[in-house]
Amino acid sequence: MWEYLIHGEASPNVQAFLEGLGKALEAQGFHHNPKAEAPNLVLNAISLENPRPYRRRAQATFVASVLELPRFPENPLQALYPYLVRALSNVLLAYVPGQGVKFLTLELGHYNEPEGEGFYERVAARLRPIACSRLVINNVFHKDLEPELWQGDELTRSMYRAGKKLKEWDLLPAPFPIEEILPPEDLRHVKRLYGIGGLSYGNLSVRKDERRFWMSASGVDKANLREIGRDILMVKDYDPQQNAILLSVPPHVEPRRVSVDAIEHWMIYREHPGVGAILHVHAWMEGVPATPFNYPCGTYELAQAVAEKVRQAPDPTRAVVGLKNHGLTITGRSLDEIMERIEGKLIRTVPMS
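Going left to right, the sequence shown walks through residues 1 to 353 as the UniProt record's numbering numbers them.
None of these hints come from the bench; they were simulated from the model.
All values reported here derive from a predicted model rather than from experimental measurement.
The reader is advised that the hints may include incorrect statements.
[Stated by the list, open to error] When the alpha-carbon atoms are kept at most 27 Å apart in a straight line, the in silico DSS-like pairs for lysine-lysine are as follows: (1) K208 <-> K164; (2) K167 <-> K324; (3) K345 <-> K164; (4) K165 <-> K208; (5) K165 <-> K345; (6) K345 <-> K167; (7) K23 <-> K35; (8) K324 <-> K164; (9) K167 <-> K208; (10) K143 <-> K165; (11) K167 <-> K143; (12) K35 <-> K143; (13) K208 <-> K143; (14) K164 <-> K236; (15) K35 <-> K165.
Kindly generate the complete structure, drawing on both the sequences and the hints.
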């Protein structure tokens with residue numbers, strides 16, 4: 001059974017919203033437990049003046065903060081993203097009474113649920129996949145990378161070239177200055193819980209051999225992928241017992257964490273030996289098959305949903321899969337081949353639905 005609790009000081013309008021949403025969640029299999037130590041979902045009431053966070057005790061807890069507004073801003077990302085981060089949330093629900101809710105996710109998704117028939121049920125259905133997902137974000141570092149790879153190889157150089165090309169195409173959003181948004185205590189809490197070194201989007205990887213692949217690190221400038229163990233890491237496996245990604249790093253480097261999408265890439269490489277490279281960008285292409293839900297990055301469920309779409313592609317080694325309200329995952333024989341194939345075909349704005 002999934003558990004949820006309500007946190008924060010709610011205005012009368014938000015209180016009524018949370019009561020309606022709570023009933024809809026319970027109808028979809030959730031149990032309200034105000035004393036839960038590690039609930040699946042926290043509905044966190046915040047205000048513009050005090051976006052007070054709920055301080056998780058477990059990675060498995062997803063936080064949806066609810067913020068009442070008099071009207072929706074013209075630029076929701078610019079206006080609301082700092083509140084999402086300050087409240088340490090996985091998703092922000094900006095609520096305008098009488099109009100509905102605008103969802104805003106860490107992955108830059110933003111989409112609406114208008115008030116009307118089935119409003120609370122629709123909002124609950126949006127939250128359910130997020131709250132029931134399983135994060136795979138733990139890293140285990142082994143200082144066993146072969147010395148001849150400490151300076152990289154031709155594959156890592158292809159990652160550098162691809163990152164530079166993505167920058168030229170203006171497909172690498174600037175990392176959000178998380179250090180400027182969060183006070184030091186909250187930043188330490190986020191790093192301790194998630195190991196986040198920054199908020200940046202997009203990633204790329206290249207197969208090294210039958211089991212291993214190079215992948216970009218989390219929170220780094222994807223247009224300048226150079227240092228092994230810091231900008232690019234060697235993923236060697238996934239350990240389901242530890243629910244962790246296993247990495248080989250040079251012994252002299254203090255490593256960064258690998259991209260949260262490593263579990264997704266691991267699944268695709270394991271199933272399709274012909275896939276030599278994978279690219280993920282926050283862009284879109286017309287007519288692509290897409291995952292059914294906006295699963296959070298770094299979850300096993302998102303990885304499974306993308307792997308299923310790759311499996312269904314006419315040629316899994318040249319697949320283009322849409323991640324609902326998020327972006328694209330593209331497979332290829334090499335990064336150079338992927339970049340050549342998609343040049344001029346990408347739409348920078350991801351359609352939100």
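A quick look at each hint next to the structure:
The straight-line distance between the Cα atoms of K208 and K164 is roughly 21 Å, inside the 27 Å bound, and the hint therefore holds. Distance restraint check for K167 and K324: the Cα-Cα separation of roughly 23 Å lies within the 27 Å cut-off, and the hinted pair is therefore satisfied. With a CA separation close to 18 Å, the supplied pair K345 and K164 stays within the 27 Å bound. This hinted pair checks out: K165 and K208 have alpha carbons roughly 21 Å apart, not beyond 27 Å.
Of the supplied pair hints, the one linking K165 and K345 holds, its CA atoms being roughly 14 Å apart against a limit of 27 Å. About 16 Å separates the Cα atoms of K345 and K167, which keeps this hinted pair within 27 Å; it holds. The hinted pair formed by K23 and K35 meets the criterion: a straight-line CA distance of about 18 Å does not exceed 27 Å. As the CA atoms of K324 and K164 are separated by approximately 26 Å, the hinted pair is consistent with the 27 Å bound.
This hinted pair checks out: K167 and K208 have alpha carbons roughly 24 Å apart, not beyond 27 Å. Under the criterion of a C-alpha separation no larger than 27 Å, the hint pairing K143 with K165 is inconsistent with the structure, at around 31 Å. As the CA atoms of K167 and K143 are separated by approximately 31 Å, the hinted pair breaks the 27 Å bound. Restraint check for K35 and K143: not satisfied, since their Cα atoms lie roughly 42 Å apart, outside the 27 Å limit.
A threshold of 27 Å between alpha carbons decides the hint, and for K208 with K143 the separation of about 17 Å falls inside it, so the pair holds. Restraint check: the Cα-Cα separation between K164 and K236 comes to about 26 Å, which is no more than 27 Å; the hinted pair holds. Taking the CA atoms of K35 and K165, the gap is near 50 Å; set against the 27 Å cutoff, the hint is violated.
When the structure is compared with the earlier hints, violations turn up for hints 10, 11, 12, 15 and for no others.
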